[in-house]
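*Asks:* Sequence:
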Amino acid sequence: MPVSEDERKPIRVLSLFDGIGTGLVALKQLGLQIGMFVASEIDEAAIRLVQNRHPEVIHVGDVTKFSDDDVRRLGPFDLLIGGSPCNDLSGANPRRKGLLDSDGTGCLFFDFYRILRAAEPPRCECNAGKSRPFFWLFENVLSMKLLERRRISRFLQCQPVKANASTVSAAARPRLFWGNLPGLQTLELKPQPGDRLSVQSCLEPGRTATIEKLNTITTKPGCLYQGHTRIAPVTHMGKEDILWSTELERIFGLPKHYTDLNNHGPKERLALLGR
Numbered sequence: 001m002p003v004s005e006d007e008r009k010p011i012r013v014l015s016l017f018d019g020i021g022t023g024l025v026a027l028k029q030l031g032l033q034i035g036m037f038v039a040s041e042i043d044e045a046a047i048r049l050v051q052n053r054h055p056e057v058i059h060v061g062d063v064t065k066f067s068d069d070d071v072r073r074l075g076p077f078d079l080l081i082g083g084s085p086c087n088d089l090s091g092a093n094p095r096r097k098g099l100l101d102s103d104g105t106g107c108l109f110f111d112f113y114r115i116l117r118a119a120e121p122p123r124c125e126c127n128a129g130k131s132r133p134f135f136w137l138f139e140n141v142l143s144m145k146l147l148e149r150r151r152i153s154r155f156l157q158c159q160p161v162k163a164n165a166s167t168v169s170a171a172a173r174p175r176l177f178w179g180n181l182p183g184l185q186t187l188e189l190k191p192q193p194g195d196r197l198s199v200q201s202c203l204e205p206g207r208t209a210t211i212e213k214l215n216t217i218t219t220k221p222g223c224l225y226q227g228h229t230r231i232a233p234v235t236h237m238g239k240e241d242i243l244w245s246t247e248l249e250r251i252f253g254l255p256k257h258y259t260d261l262n263n264h265g266p267k268e269r270l271a272l273l274g275r
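For what it's worth, this note's numbering labels the leading residue of the sequence shown as 1, then goes sequentially.
If you're looking for bench data, these hints aren't it; they were derived computationally from the structure. Given the structure is predicted, the values throughout are model-derived calculations rather than measurements. Cβ coordinates follow ideal geometry from the N, Cα and C atoms, glycine included. Hints may contain errors.
The calculated label-pair distances, taken between Cβ atoms and stated as ranges, are [to be verified]:
#, residue 1, residue 2, range
1, 205, 8, 39 to 49 Å
2, 204, 97, 35 to 45 Å
3, 92, 159, 21 to 31 Å
4, 240, 36, 40 to 50 Å
5, 172, 94, 17 to 27 Å
Construct the complete structure from the given sequences, taking the supplied hints into account.
*Replies:* Shown next, in the form of structure tokens:
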């Protein structure tokens with residue numbers, strides 16, 4: 001049953017594998033009131049950035065050390081979000097270790113699952129209508145093996161939805177989403193007025209895009225050259241060029257200079273954006 005506007009309360013969010021806080025950026029852009037935002041992340045540069053841009057965030061560190069008791073102590077939560085590292089699941093990595101190898105990062109999915117179970121209200125309360133609504137969303141790479149996708153679906157007890165950011169942005173990022181958000185299973189992304197749908201629309205004046213959409217980037221500068229032919233994505237003053245940091249931020253829907261902290265150079269800012 002929908003909650004009336006008078007009864008709505010600021011939401012309490014738990015973000016796992018939080019990165020540079022893009023989940024919080026998205027929630028703020030949607031106009032949602034955030035009562036509490038708890039983030040689990042281990043990358044020190046990313047944590048410093050979030051501390052600067054969103055000082056209200058509560059940081060809890062390593063997801064593997066974030067216990068069920070910690071979840072219950074900080075809860076209850078209205079929303080759990082997260083996308084565990086995709087490197088050992090991605091089809092682009094010929095040395096991927098999959099979901100079950102404890103030496104890889106794919107197994108971190110099971111920490112999301114564990115924390116999801118700890119954060120969910122008891123079923124008896126849900127059935128009695130006593131608990132507040134609880135929603136969750138898990139994201140990972142589309143190119144994982146079908147076996148791994150089925151394993152994740154078996155644990156999360158739902159099928160994933162395919163979505164690509166290219167529908168609403170200048171970035172091509174095909175992904176799988178599992179969750180219980182209302183309408184997720186019938187999701188149909190549609191561009192809205194003001195969406196920047198091409199790389200050209202994200203560039204600084206005087207620069208020309210050679211590509212329509214930006215493929216997935218990593219932390220390495222070479223990733224900005226696109227495709228098998230290694231195309232430079234931009235021409236500037238008659239010469240090939242890579243995307244500038246502010247242009248990458250626009251492509252990802254972030255505020256301009258979001259990653260500009262402590263005089264970070266392009267290499268450091270790309271490392272933040274590509275994680």
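*Asks:* All hints, please: hold or fail.
*Replies:* Status of the hints after comparison with the structure:
no.: 1; hint: 205 x 8: 39 to 49 Å; verdict: holds, 42 Å
no.: 2; hint: 204 x 97: 35 to 45 Å; verdict: holds, 40 Å
no.: 3; hint: 92 x 159: 21 to 31 Å; verdict: holds, 23 Å
no.: 4; hint: 240 x 36: 40 to 50 Å; verdict: holds, 47 Å
no.: 5; hint: 172 x 94: 17 to 27 Å; verdict: holds, 21 Å
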